[in-house]
Each structure stands twice: as C-alpha cells, then as structure tokens.
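There are 2 protein chains.
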Amino acid sequence: MNGADALIETLVANEVTACFANPGTSEMQFVAALDRQPAMRPVLCLFEGVATGAADGYGRIADKPACTLLHLGPGYGNGLANLHNARRAFTPIVNVVGDHATYHRQYDAPLNSDIDTLVRPNSIWQRSADTPDSVAQIAAEAVAASFGPPGGPVSLILPADSAWLPTTTKPVKAQRPVRPAPDAAAVDDVAKALKAAAKPVILLGGQACRAEALVQAARLAAAGLRVMTDTFVARQPRGAGVFQPGRMQYFGEMALADLEGVDLMVLVGTTTPVAFFAYPERPSVLVPEGCETRTLADRASDAVAALRALADVLGAPASGPTQPLKLPEAAPTGPLTPQSAGQSVARHLPEGAIICDDSVTSGGGVAVPCMTARPHDVLALTGGAIGIGVPLAVGAAVAAPDRKVVSLNGDGAAMYTVQALWSLARENLDVTVVVFANHSYRILNIEMGRTGSGNPGPSASKLLDLGDPRIDWVSMAKGMGVAAVRCETAEAFDAAFARAMAEPGPHFIEAAI
Amino acid sequence: MNGADALIETLVANEVTACFANPGTSEMQFVAALDRQPAMRPVLCLFEGVATGAADGYGRIADKPACTLLHLGPGYGNGLANLHNARRAFTPIVNVVGDHATYHRQYDAPLNSDIDTLVRPNSIWQRSADTPDSVAQIAAEAVAASFGPPGGPVSLILPADSAWLPTTTKPVKAQRPVRPAPDAAAVDDVAKALKAAAKPVILLGGQACRAEALVQAARLAAAGLRVMTDTFVARQPRGAGVFQPGRMQYFGEMALADLEGVDLMVLVGTTTPVAFFAYPERPSVLVPEGCETRTLADRASDAVAALRALADVLGAPASGPTQPLKLPEAAPTGPLTPQSAGQSVARHLPEGAIICDDSVTSGGGVAVPCMTARPHDVLALTGGAIGIGVPLAVGAAVAAPDRKVVSLNGDGAAMYTVQALWSLARENLDVTVVVFANHSYRILNIEMGRTGSGNPGPSASKLLDLGDPRIDWVSMAKGMGVAAVRCETAEAFDAAFARAMAEPGPHFIEAAI
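Residue numbers (numbering that gives the first Met the number 0), protein chains in the order written: chain A, 0 to 512; chain B, 0 to 512.
Please note that a few of the clues may not be correct.
As a list, the in silico BS3-like pairs of lysine-lysine whose alpha-carbon atoms are at most 30 angstroms apart [said to hold, decoys possible]:
| id | chain 1 | residue 1 | chain 2 | residue 2 |
| --- | --- | --- | --- | --- |
| 1 | B | Lys63 | A | Lys172 |
| 2 | A | Lys63 | A | Lys172 |
| 3 | B | Lys172 | B | Lys63 |
| 4 | B | Lys461 | A | Lys169 |
| 5 | A | Lys461 | B | Lys172 |
| 6 | B | Lys63 | B | Lys169 |
| 7 | B | Lys169 | A | Lys461 |
| 8 | A | Lys63 | B | Lys461 |
| 9 | A | Lys169 | A | Lys63 |
Covered by chain B, per the in silico footprint, the following chain A stretches (three or more residues, Cβ under 8 angstroms) [unchecked claim]:
| id | segment |
| --- | --- |
| 10 | 96 to 109 |
| 11 | 295 to 309 |
| 12 | 470 to 483 |
Rather than coming from a laboratory, the hints here were simulated on the basis of the structure.
Don't be surprised by glycine CBs; every beta carbon is placed ideally from N, CA and C.
So here's chain A without its partners, still in its complex pose (with noise of 0.2 angstroms):
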C-alpha cells in the first residue's frame, strides 16, 4: 500500500466513489491504485474544464463530493471556470490535484507551477498532502472542508512521491457538519418585521430552494407572502406538484421595477441580491431604495429549519400551493423555436427527470412550460462562466443513473466544453443534449446595447458572430460517438425529443433557431 492507495480508501471509506479524471504522468499512481479499489469509479474526460462540471453535476445531485483527477497546474488551470461556477453553487468537490515530488518542485521543471495561488481563488480549502503518512489524514479533512457549510470544491495537492511512497496508514473518516438551526428569537424578530412591513418579499437562495425548503416557504405564500428565488441556482425542483416561487429578474432594472415599493427583504440561504454586472448608470444592488434586508438564514445554516419556524411563527397553513400537472395539449408546429422546443420539453419530460441548463438566451422558453410538467430537478449556471452544461449532465447521470439527464446548451455554451459529448458516449450515459444553434453569441449582441456601446461594425460583429462557418453539430456530435439529429421545425424537434425520452442512452439534438 502506497501514498495512492490511502487516498482512495479514505476517499471510498467517506463515501466518495466517483473521479472524473484526466491524469498524467505524476497522477499514475493513482491510476494504478484505482485497479485496488474497485469501488471508485473511474470516468475519463478528455478535458478537465469537463471532469470538474462533471464533479459540479455530480454533487448536486448526490449531495456528496465526488473527486477530480488532476496533472499539476495547467490541469487544474483547464478545470477552474467549471470550479468558480461550483463554488457559486456550492458544490462538495474534492479535487486531487497531482504535483511534482517534493524534493522535484525546487528544480521548476516545465511543467511545474505555483498550485498554491493558483488554486486559491476557487478552492474553500486546500493542502499539500507533502508525506504518505499524511495522505489518509488529509484527505477525511478535504473532504469534510467540502461539505462547508456551505460547500464547494476543496484542492488536496498530491505530490507524486507521496503517491508512490509506502505508507501503513489506515482510512480516516471525516465528521459531516451539520447546518446550525437559527435561534428562536431571530425567527421571532424577522417575523415581526414582516408583519409590520407593508410589502415584504422572500428571496431564496441556495439550499432553500431544495425540495423540503420549498415545502416551508409555500405555506409562507399560502400566508400572503411573496416568495421569489435567486435568479440562478444550483439545484431546484420544478413541475407538477411543486411549489414554484417567482424569480429575480436578471437586468437591474428590471429586478428593480419588479421589487417597486418592496420594503423589506428576507433573504434565507442567500445574501443580498446584486446584478450580474455593472452598465453605465444602472444599479449595481438589487434592493429597492428603503427597502430593509433581513437575514432569516444565512447559505451555512440550515434552510429549511429556518423557513419551518417561520411558516409556525406565522401561523402559516400547514401547507401551501403547489404547481399542477398541465402539459401542452398538442404537439407544436410550425418554426422551431426556443418556445416550442420547451412544449416539446414539457410534453415528453419524464418524472425525476434533471435538466442541466447552459441554455443562456434560449433559455426562458423551455423554463415557462415546464413549470406544468411532470416534477424535475434543474441545475442552472451559478457562476456565469458558460460551458457547463454538458459536463453537468456527464456527472448528474453518473450520479442518478436511473434519471433520465437534459442537458439544454446554447450554441457558443455548448463549444467550450465539447468534449464532455465523449464521455457520455464512452459510459453509456442517459443524456439527452439539446444545443440551440442560433449562430451567434446572441446574450452579446443585447449586451452590447445595454453597455452603451453602440451597433456592432464589422470588427465587433466578427466577434459577436458564429455562423461562418456554420457549426455542424450532428457531425461534432456523431464524430464523438453520439446518435445525433438536426432538427428544423418544430414537429421534427417534438419527434426527436420524443424518441430520446423514450430510448436509454445518449442521444443528440441539433436545434436550428
């Protein structure tokens, strides 16, 4: 038993079986201790920015980290958007990070670098694991720090000598934390305030937006309160029988239009809402002018706790409204559009369905219909670095491997992490992806106005433009290994849609808009 191997077990003896992984030489070690431990499971991806949106995915929906396997820093370098998007989703993600030996790192061979930093920005905790002794130890500390609360991806830095080096240690469990319940009289406070506010609004974030939170916060709207989410999050049950809150709205101004004459905001597993991004003369801070903010909950406690006491302390009824069952009556016809393509979505979505959203501008027509549909899970781009969405999917279908997986992607979305459509090939995944292929950055060419910036001339429309050459995603899709469809109208997308739902495995739809 080497250094490898007491990370594997102690990554399996805390119940971490899943690595997404795209090693090199310094991570053979690891590799070769994977044949030991026949209990992780191993998922090549042939780029890391896939192995750590697949990590993401995976803890969504396993609410447990799985690991990534990295070669030193560029590896790492390759896996971080996915990884600031996990740490805005608040994702238990342990990271194996592979590095040099530790008598080699003096000698900064070509590959070496400054890991240290370079993990820093996207990672709530990190270590050297610098002796095999340590290794075991080290790892039950990576992942408990996972777990936060709130979580999100930690980096355990493995040097290769550490990985090679025998070592007798035996696995070490990590303690789970547990997310503090807030005091009575905090609840007793906030729910004051709400009564004596005279337009108080609700803001769920994060773990409040989980299935049993929801249940608390619609009995607050079955008292007359208004309830709304975060305009992203990671993880949201959605459809028939589902209690369904408003979201913020993504532009400033239109957020702020929204909350007109809001005078108190309770934020419960969130903190206060902001834009997304600065434009000239438009607010940076989402809460109306005078209106108080209230923390009920903050992200590290416990949620739905929180919203429970409240929803007592109120008076609330013991339940509160939920979504019905109402599917498109027929099939759409005609053009395919974003919004016919989400009746499509809605009519063949199968219960416990999840759907990985990477779908930008495209977006907003599947989301209205499948409000209605049969219950589903939605994960949903927390960090704005795009290019998500099938590497989502990759995880969350590792993790939940008798869930049907949609994976909804814009066009440019979908380009930056391409490659994740190999590995769902390569494991036999049941995802579905949809890439809306409208040829163009299209979120740009409305920012572009937002910002002040004018019409784009032909530099910046170069810039702005994907259509030449047009993408052919059914051969980029089919060259991977994955069936794939082109669909024009409407009717071929619902047939398309239709047959994926109902056949396992992985499956591709080209949706020209």
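Since chain A is already given, all that's left is putting chain B on it; use the hints.
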C-alpha cells in the same frame, strides 16, 4: 474616446495589431472600440485556450506580442494552460482581462473572482487599470513588460468602467528593452574553462536556438565542441542550410547516459537541465556527477552576441556545419506510421514552413527526416500542457500569412483545444493540421511503467485509452468547416499531405497510425 479606445490606440501605436478574443459583457466596450481602429485584427476563438495558444504562436513568429481579450477570471482560467506554456516559451503576450466595473467588484457578483491572484503564477507583470486616464500608460507598461527580457505573458486587468468612461489621453509609446551582451571577462572565463575541460558540452536554449544564434553555435561545433539544445525549444530553425545541434534526451537516465563523462556544461540562454518528471530512484538534475556548469548567457542576455564572442575568442572558423538538403527519394509505402508520415512531411514541406508540434509520442518520426528537409521553423511544446498544437498554428498563420503552417498533434492533445479548428476555417488560414490517431494517451502507457505503477488493470486502462468510442476526426473537422481526410496507408498520407502543401487554406488529415 473612452478607456477602451485609449487601450487599443496604445496597443496599435506599439505594433500590437492582433487580438485573439473570446469576449463577454464586461468586454463590450473593447469590442466596440475595435470598430474605430481597423489596424487591430480581431480573431474570434471559441474557447480561451485557443486564444492564448494562438497569441503564443503569434508572438514566437512575430517577435512582438499579440493581445488576448478574456472574460474575467473564468475566461482567463480557460486560457491558463496555454499561458503556462507561453511563460515557459518566454513569449511576449498582452492579456487583456476584462473585469467588473471598479465600484461593482465589492458586491461579489456571480462572475467576480480574485483575478489578481489567478493571473499571478503565469504573468511576468500584472496591473489593473482602475481609471480611464491610466489605461494608456498602463498599456504601454504592459507591452514593455511583455518583452522582458526574456519576455512572457503579462496581464492588464481592465474594469468595465475604465473602458466605458471618457478620457483624452494620447497613446503612449513603450520602450522595447535591449538584451545585455556578456562582458568580455565572462566570455574569456568560459573559453578558458572549455579549453581546460576534457569533455565539455554547450547547451543552448531559448534565444540561443534562433537562426542567428545557431550560425554562431555552428562555429563552435566547427571548433570541435559538442553543442546541444534543450529538449523543448520555443522556436528553432531546422532543415537544409541550418546547423542542427543534438538534443537533450527527454528521459533523465537516457540524458545522463548521453552525457556520460561530460565535465563541463556551458549554458547559453537556458538554465541547468532537469528531468521533466521525477521517478522513483531516478535523477532530477540532468548534469553528470562532478560536471561543472557555467552560464555564458542567461535567458535575458543577448545569446547571439555571447556565442559570437565565444567563437571569436576560441578562434573558431567563420562558419560551421549546416544540414544538407536531402529529401526522401521515394514516397513511402505500406502501413502508415509516424515514421512514414515523417517521410511525407519531409518530402513536401515547402521552404519557410512553420511546424507547430504537439505530437507527443508521434513526434520523433517526423523530426528525423525533417532535419534535411527544406528549411523551416519548429515551435515546440515548452510547458508540457498538451493542447497547444492547433492554437499555436492559428497564431503563427496570422503572424506569417505568407508561410505554410503545419500543425502536428497527438489525438489526445488535439482534443484539448479542438475548437481551434473553427478559427482556421473562419480566418481561412493556411494551416494543415495532422492528428496522429492512436486512440490512446500512449505516453501515459509508457510513463505508467516508468513510475513503477505496474501494468494497467481495468480501471487504469479506462483512463489511458481513447478508443471507445473511436473519435471520428474527419467528422469533427468537417463539423467545424475544415476540409478533412482520413489516411490509413503511407501512400494515402503522402498524397493528402502533398495536396495540402499545394493548396492554400486550412486542411485536416487524420493519420490513422
């Protein structure tokens, strides 16, 4: 005029005229300003790793920086691995990293991150331009800093308000630093040591491997000295009429066997050679025991002047050996191998071509016959982060539109930044991409044995094998608009490569080896 204009005007005033970009909302002012300064050529890359690798290729060929345009921390992260390579190539690059407006940073919006920390490990200079009036001055500093010497990537962080606010500043000219020549006494010392040594070797790296320097190094060879280069060199001429030094072996024990008995190593434009990776019981430093090392010129010095001075002091002949033109006599036949492909490359490569090499285990087969091919330049992978071959070619072709560019890639490597193919088509670049498809991380099969990890079992094999499913490279390339062909025999490859060399524009060849 706003801060974005000030930036672009200063860049153009300093001959920074190519921008490899993947912008987002916070960069819209920069994008709009491009329309007002047509001297800056924008090249859209569908992933930031393409943009940074292209800037590296551009800088190595143009000997001046291109700029990149990257979207906050995650955009920089996506480009990080190829910036690691560029740092190891000492390539001047000006990264423009967009950021939130200065006053918006405090709110920690979803795309906010600690950019200052993120860029540090791979920036030789970094600064945020926090007012519009500071942009021009800071941009000039950035350009100057990128030249070093020895040069490297710099990071100019551009908050959105610094870009959109007005300014009346004029473009600022940057001073291009001069590389110091070694003093006469130091040269004399090295000359004396060389005369006293029983078995000396001269090791060239960086600038000492460029054309002018090799002319001087050849004189040393003519004087009976053994001359070698680093294993991986950023840019080196090769072929007929060029001096071809030996090369430091990749594996440490082979390097030391090759250097057995060497008692003096003179370093020119490089540092003490070290093993790429550490292995159990294998050496880290590739200098034989008892061998003295002396630096004639460090990486920042004028290597040409240093080599010339040394050759003069030693009374070396006025010129030294160069390679003959010796092309393979006949087209190769039979099974396609890296060796037979190398014969075809050597046969058809036109004078002045640029080879961008990310071919990992397939590279040796091409290098040997190309040593007597028509003269060309080779850009190698300097930092070990695979996924640079096609991006480098994008940049090299933009820098030298009159030269044929050939990109050689392992299939594992090519997948990392496969989006680069689209930019070849978009810009109609004269680049021929060869992917050696062995459907495996072949190097890792070799490394696994070397690290003492044993033979791969079922789990380990899953992480080394790319063959299930087999990537259809022709579909992938065609899907991104590049004419593509798959070759399974030496004859087919020879014909396809000849055709690609005869026709301008992008070509793709899958070499099924």
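Could you work out which of the previously given hints the structure breaks and list their numbers from low to high? 1, 11
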